[in-house]
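So the protein lines, in turn, are chains A and B. Start counting the first sequence at 1; every next residue gets the next number (this note's numbering). Start counting the second sequence at 1001; every next residue gets the next number (this note's numbering).
Don't read these hints as lab results, they were simulated from the structure. Check before you lean on any hint, since a few could be wrong.
[Unchecked claim] Across the chosen pairs, the derived CB separations fall in these ranges:
| # | chain 1 | residue 1 | chain 2 | residue 2 | range |
| --- | --- | --- | --- | --- | --- |
| 1 | A | D23 | B | D1091 | 31 to 37 angstroms |
| 2 | A | N298 | B | S1014 | 55 to 61 angstroms |
| 3 | B | D1091 | A | Q207 | 44 to 50 angstroms |
| 4 | B | T1100 | A | G197 | 32 to 38 angstroms |
| 5 | A | N298 | B | G1137 | 43 to 49 angstroms |
| 6 | B | E1102 | A | R186 | 56 to 62 angstroms |
| 7 | B | K1140 | A | R290 | 54 to 60 angstroms |
| 8 | A | D124 | B | I1112 | 39 to 45 angstroms |
[Stated by the list, open to error] So, partial list: chain B residues that the calculated Cβ filter (under 7 angstroms) puts toward chain A:
| # | residue |
| --- | --- |
| 9 | I1112 |
| 10 | H1114 |
| 11 | E1147 |
Ideal Cβ positions, reconstructed from N, Cα and C, are used throughout, including at glycine.
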Amino acid sequence: MNSFTLTQATAIDEALRDKASHDNSAYLGGGTNLIDLMKENVARPTHLTSLHKLPLSQIERAPDGGLRLGALATNAETAYHPEVEKHYPLLSQTILAGATPQLRNMATNGGNLMQRTRCYYFYDLATPCNKREPGTGCSAIGGYNRIHAILGASEQCIATHPSDMCVALAALEAVVQVSGPDGERRIKFEDFHRLPGERPELDNTLQPGELITAVDLPEKGFAKHFTYLKLRDRTSYAFAAVSVAAALELDGNTIREARLALGGVAHKPWRSKEAEALLVGRPATVETFRQAADQVVNGAVGQGSNDFKIELARRAVVRALKQATEMNYELDENAFLNSNP
Amino acid sequence: MHTTPVLQKPLDSSPAAIVPTQAVTLHVNGEDHTLQLAPWTSLLDALREYLDLTGTKKGCDHGQCGACTVLVNGKRINSCLALATVYQGSDIQTIEGLGTEEELNPLQQAFIDHDAFQCGYCTPGQICSAQGLINEGRAKTVDEVRELMSGNLCRCGAYTNILSAVMEVIDRQAVVNNGTLTTIPA
C-alpha cells in the first residue's frame, strides 16, 4: 500500500473542501472495498477524506412518503431497519444476499454504490486493463471471462458491477442525493451507473469531488410481490453469476406494474424497461414471463467462458417472476433468510 | 538485453519518513490505550503489533476469511479492513475481552465442549463473530446460524461442531429467557 494522509471530516462542507484541497484524494466510507483495493495497489490515493464522523447515518421518512437512507448508514442497519423490512422487503432481502455480516456492518450505503468491479484483470497489476489504466487494453476479452458482462459491454471493457443492493435500488427507482463543489443535485438511479463505452475507467456519472449524501426510496415499495433471486457458485458469500430483482403489482392475476433488474450481467445494474412493458396488462403466467425473459436477453452477447449466463439469465427471470407472483408476503422475521435460494 | 518492466516506481524514501504518525487513543476491552500510529495502520495491526493482543488473527488480510473479527460497539467487523485511526472513540472488544481463563465466555466453553476447533487459528474470529451474531438476535435456527456465520472460514473444516457450539449457547439463552432471545452480557 502507498503512504497517505488522512483527515476525518465532521461536516459535508468540510469533507468537500478537504478532498478538493488534496491532489489524488479519495473519500473513505466503510472501507471494505477501497482499503482492499489499496492493499492490492489497484487504488493508490495519497490522501483520504474519512466520512466516518459525518452525520449521514439516519434512515428516516421523507416528506414525500418515501424513505431516505443516509449515505453512511451501514448495509446491515439498512437491511434490518423496521421501515425497510416492512415497506421495502425487496431491499432487505437483496442486501442480506450479499457479502457477510462483518462486511455488512462496515459497508455503507453510499459505498455500496461506489464499489468497483471484481474483474480478475482489474485486480491484477501485471495485466492490461482499460478500467485500471485507460488505453492499455482489455485482458478479459479473449481471456477468462466467466464472471463478465453479457449485456451493454463495449470493446474496451466487459466488466460487471458487483453490487446486489444496487440491483434492488434500480428496480425500486431510487434517487441518489449528492453534494458537490457546485451544490446539491439528485440523480435518478438508472443514470447513476454507466455503461463502459469508450470510458470504462468511469463507473458512474458523479462529477469530481461530488459526495453521495443519501439514497431516497420512493413511496412505492412493492412489499407484496417481490423476489431477489441470486444464482452463484456457492449458496452464501459469493458474487452473483446472475441475479434478478423482480417486483410486481397484481390485480387478481393481471400484472398492473412490473419492475425487473438484473445483477452480474452488465457494467451497471441492468434494468429492462422493455421487459417490464411486456408484462404490464398481461396475465401473470409462465408464458408471459418467458416473453419478458426473452426480451431481457435480447441482444445479449457471450464472451466464451460466460456464454452460459445468457440462458441462466433467461431462466432466472422466469423463476424470479414466478416466485414474486406466488408469494403473498407477510412480515415475518425469518422471511428473508427462508426465501433466499 | 533483458530488462524487467517496472509498473510503479518505488517511493524515494520510506513511507514513515513521508507521513508522520499521529496519537490515536483506542478503547479496547474497557481500557484506553494511546498509540502513535501511521494513517494506514489497520485496527488488526494496531491490536496485534502495538497492543500485543495477538488473539485476533491475521488470515487473508482482505476481509474474506473472518479470522480478524472483533466487536466494535457490539457489532462484528473485519479489523483488517478498518483503519485504526478511524475507530478512535469506539468501544472495541477482542477475544481477550470476552472471557478470562477463570471465567470463560459461554461461547468459549461451548467451543471446548463441542470440540469446535482443530488448529484453532480461526477460533477467536469465530467466537467474536458468534457473539456478534447473538447480539444481533437474528439467528434462531441451524440454517440461519449457518448463513449468518458464513463470514468465518475454517480450513480444518470444523463447521459442524462450531455450529453445534453456537446453537447450544443460542438455545440455552432462549430457555433462560423463556423463549425470547436477548443479548448475552459480554
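Check: Which numbered hints does this structure break?
Finding: 3, 4, 7, 9, 10
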